[in-house]
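We have chain D already, so just place chain L on it with the hints.
Those protein sequence lines, which keep their order, are chains D and L. So that you can map any letter, position 293 of the first sequence is 293 in the working numbering, and since no number is skipped, the others follow by simple counting. So that you can map any letter, position 312 of the second sequence is 312 in the working numbering, and since no number is skipped, the others follow by simple counting.
None of these hints come from the bench; they were simulated from the model. Each residue gets a CB set at the ideal place from its N, CA and C atoms; glycine is no exception. Any given hint could turn out to be false.
Here are the simulated EDC-like cross-link-like pairs (lysine to aspartate or glutamate), alpha carbons at most 20 Å apart as the crow flies [said to hold, decoys possible]:
id : chain 1 : residue 1 : chain 2 : residue 2
1  : D       : K2        : D       : E202
2  : D       : K103      : D       : E170
3  : L       : K167      : D       : D567
4  : D       : K252      : D       : D96
5  : D       : K298      : L       : D326
Okay, the calculated beta carbon distance ranges per label pair [as the list claims (entries may be wrong)]:
id : chain 1 : residue 1 : chain 2 : residue 2 : range
6  : L       : R330      : D       : G471      : 52 to 60 Å
7  : L       : G217      : D       : A500      : 49 to 57 Å
8  : L       : D326      : D       : G471      : 30 to 38 Å
9  : D       : R3        : L       : R141      : 51 to 59 Å
Reference listing, derived: stretches of chain L covered by chain D, where coverage requires no fewer than 3 residues with Cβ under 8 Å from a Cβ of chain D [said to hold, decoys possible]:
id : region
10 : 146 to 159
11 : 232 to 245
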Amino acid sequence: MKRIETEILVIGGGATGTGVAWDAALRGFKVVLIERRDLTHGTTGRYHGLLHSGGRYVVKDPQSAVECIHENRILRKTHAHCIEDTGGFFVVTPEDEGPYPDKFVEGCAATGVPCHEISIAAALRREPLLNPRISRVFEVPDGSSDSFLATHATAQAARQAGAQLLIYHELYSLIIEGAAENGTQRVLGARVHDAAKGHDVEIRAALTINATGAWAGQVTAMAGIRISVIPGKGTMVAMNHRALNTVVNRCKMPADGDIIVPVHTVAVIGTTDERVADPENLRIEPWEVNLMLEEGDKMVPGLSRARVVRAWAGVRPLYQEDYAGASRDATRKFALLDHRERHNVAGFITITGGKWTTFRLMAEKTVDMAAEHLGTRRPCTTASTSVPGTQQGAYWLGHRLHEIEENALQGELICECELVTRAMLENAARQNPTITLDDLRRDVRLGMGPCQGGFCTYRAVGIVHALGQAGVWQGDAGHQTHAAEEWDVAMMQSPAHNVAESSPQQGTADRAETCTPRLFNPNLLLRDFLQERWKGVLPILWGRQLKQERLDELIYLAVLNADHLPDAALTSPLSEFYRFDTTPNDKEVRA
Amino acid sequence: MNTNTSRGEADLLVIGAGLSGLMAAWQAARAGLRVHVIAKGAPSLHWTAGTVDVLGYMAAASATAVADPMNALSALPGYHPYSLLGAAQVRAALADFLALTEAAGLPYVQGDGNWLLPSAVGALRPTWLTPQAQAAGDARRTAPMLIVGFSGLRDFYPHLIAENLGKQGVPARAAMLPLELISTARDRNAIHLAHALDEPQRHQALGRALRQLVQPGERIGLPALLGLEDHGATWAALQSAAGAALFEIPMLPPSVPGTRLFQAIRRSLRDLGVRVDMGIEAIRSHTAAGRIEWVETATSARPMRLSAACYLLASGGVLGGGFDSDHTGRMREVVFDLPLTVPQRRSHWFRAEFMHPAGQPVFQGGVAVTAAMQPCHPDDPAQPLYANLWAAGGVLAGADPIQERSLEGIALTSGWAVAQALARR
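Just chain D, with the same shape it has in the complex:
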């Protein structure tokens, strides 16, 4: 079995885990991160994209509000290119009259969240589709964020600081010595399975950090520790039009469907909040979609009649404290658990809960505790360290179109919806195990537009197949530690900065091992991605999106006959996940 020695092992490649790896590496620790699929495959890649101003929490949870505005200001600097400065409105709709708006203003003042009331006329000038029957509007510094790009950029920063990030490495057991009874139990690392290569790896670490969010309880259970982390499902609906360029929140106690976030080319209505048993396979019920559309109409009348692109669900980790003893653990909206103190299990920390906006702070507190465990004190520097790409400045919606027009790259587009060029895809694919095209989707937004992969799936398969034939992934599948300069995350999303190579690069000589060939089968890539896209459109297929779906059928069945390709029996590690049944069922009412 392959062995790796490290100081800190981080389990989980979401925003939090990646942030922990970045922070720990910057403080000089030797860090290895494992993620069982792609970075952001879990909750981080399935949220609505709101960069909180804190306004949402000023009444309900002032401590969270203070943290949010603090982190909001930091992330706008450290992750500038991942954030669009949309600003945010809190609007009082006819349903929201009452004492809340005044409490909101007081709460903003008390927590330091900047808040200015503006006139309805001014709000409507800025957002003409906003409900004209609103009675008050408060402006706050909300924003929208690209959690895929931000995590990739953080990961790149972590790599540059020396961290090793291993994706498609699934945890199957913790290495434990000693016995819980006499208080000598200790986590020494983990045994993981490398899904791309099909072999196991043993990672020995002085400290293991569990950053698996809604899955945290499953990981602690491997050490015999029971904690209560309940997965809270949030369903979101992406509308085909931005409708708004400003984040709009209802000015009331946080509830279902009370926020619209313009992010990239869509407007996301979010969210529901349902406790579920399994964080893995999430059904989207018809009532959830209907509720999002109805609530969206209260902020933007008529929004429900616009075309819906997709629906999806993420799981919040809802941590429930059941530890009665005195604690110096951080007890905020995130939970930082010292298992040495709580459960007599040394070398093991869990960080869970929280929200994307506070991921950096969570990482800071976690690594503070980690340093203490490792018997040292080293200051955190992430608040003043920019990740790669920040030099591009704040995100703006038109950047891809601008670059494509400036450089006359129209002929290079392989995803017209999201303006992805061939070179962007090729460069992303070179650095990816490409177990599924969904990995490339997270890198460059392939297939995320109105046609949901109708045109780009075929093209991406053709391009990735050509790279495979040229031996790009010979040996190391590109998913091990890259030389920091090799994978230019900063330019990943830029049409202008991705230059096509005339012929795909040959694999380098030191990549000696061969990959498991099944993972690079073009027919499997095609089937998996079409199915992955299908899963997310099923809950919202009607009207024009149904017509679009029929066109996609025309292309893949009638024109390409892709349902009769060879290798029909092959499956990938993701095939089963994509096959989970999300067809609408008859549960039209809320359970």
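Just chain L, lined up with the frame of chain D:
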């Protein structure tokens, strides 16, 4: 009244300019009827492979291609459009289509059974009639293939095609040529490239390059962009210059072979004096005493009413925009609000798999018709709903034409049958 009304000049108003509407118009005009075709926009011909799929797969055994659809028609269920039409009408309609395309200078070819033609991903498409330029790709023949692509062309990947053909026992290899042999334009839209190849001076250079690549005994597969207006001459000239049989492989939309077919039929209709108006969307209708009185269209200035003796709904179902639906799971036919056999509940529309062998149930439903292709009462298949209304093509209930690869076959034969019925009146 603030609508314009156009009164009764036409014997037949055809709604939709896809294959079903065009075929009906052609056949009716040949029988001496005055025909007016209106369509919202470009029909789905512009998205298809340009072949005539009659029946590629049976729902019950969808893993294996149908060898000869003419022998398989009798196995279809009674409610299937082909069963309503009967094998004799299916054959007669297809024969007329061959005559139409031959006369229009875009000849189609029938084989002995379904052709098996390589797709742009290297699967083998079972199809009944193929444009002449695709026929040499028939995978039932043993001659090895050379699949040639063009660097930078985003909708054609010869190495992928060749690899998949090889896995299916079809000997094939791949090669790339510079796209500059066709065009130096920045935009690589297939239609633009096909236009570029209409120019004879490009044929020699491309033909020479192909001749250098090809080995004796090989046939050459190329992306379907060998000319648009002057396709026949382009294909012949390239074939001669290359010194080998050339065949086209249809690409993603926009479809060059489909566009050629649309243009060829439209020319034939023009010669017959049929008016084809694009950009006119039928949005509702008025009925009285069991007859359609007029159809209202959305035009730029104000609504317009079109009336005719008879009406053909050929608006293409979900794909063509003939049906609309909302999040409550209501599916409706847009112009006449005809009853649909589609389940009126979204939970019954789909299966968990995108490529389920039995297709998505929502696309099985449509307008139920009498044996004479007239929309019928939901409970009585012998009873027409309106005395002067017919339906053809994608709107028809009882088949999922994309799933079973019968899209063009059902369209052509049902459109033809409506015209025959009208001509007999």
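Going through the hints against the structure:
1. A threshold of 20 Å between alpha carbons decides the hint, and for K2/D with E202/D the separation of about 6 Å falls inside it, so the pair holds.
2. Straight-line distance between C-alpha atoms of K103/D and E170/D comes to about 47 Å, which puts the hinted pair past the 20 Å bound.
3. With a C-alpha separation of about 9 Å, the suggested pair K167/L and D567/D falls inside the 20 Å cut-off, and the hint holds.
4. With a CA separation close to 6 Å, the supplied pair K252/D and D96/D stays within the 20 Å bound.
5. At roughly 19 Å between alpha-carbon atoms, K298/D and D326/L fall within 20 Å of each other, so this suggested pair holds.
6. Evaluation of the 52 to 60 Å hint for R330/L and G471/D yields a pass: the beta carbon distance comes to about 53 Å.
7. Separation of G217/L from A500/D is about 35 Å and departs from the stated range, judged on CB atoms against 49 to 57 Å.
8. Between D326/L and G471/D the beta carbon distance is about 51 Å. The supplied range of 30 to 38 Å is therefore violated.
9. At about 56 Å, the CB distance of R3/D to R141/L agrees with the hint of 51 to 59 Å.
10. Counting residues of the region 146 to 159 of chain L whose beta carbon lies closer than 8 Å to any beta carbon of chain D gives 6, which meets the minimum of three for the stated coverage.
11. Check on the region 232 to 245 of chain L: 0 of its residues sit with their Cβ under 8 Å from a Cβ of chain D, so the three-residue criterion for coverage is violated.
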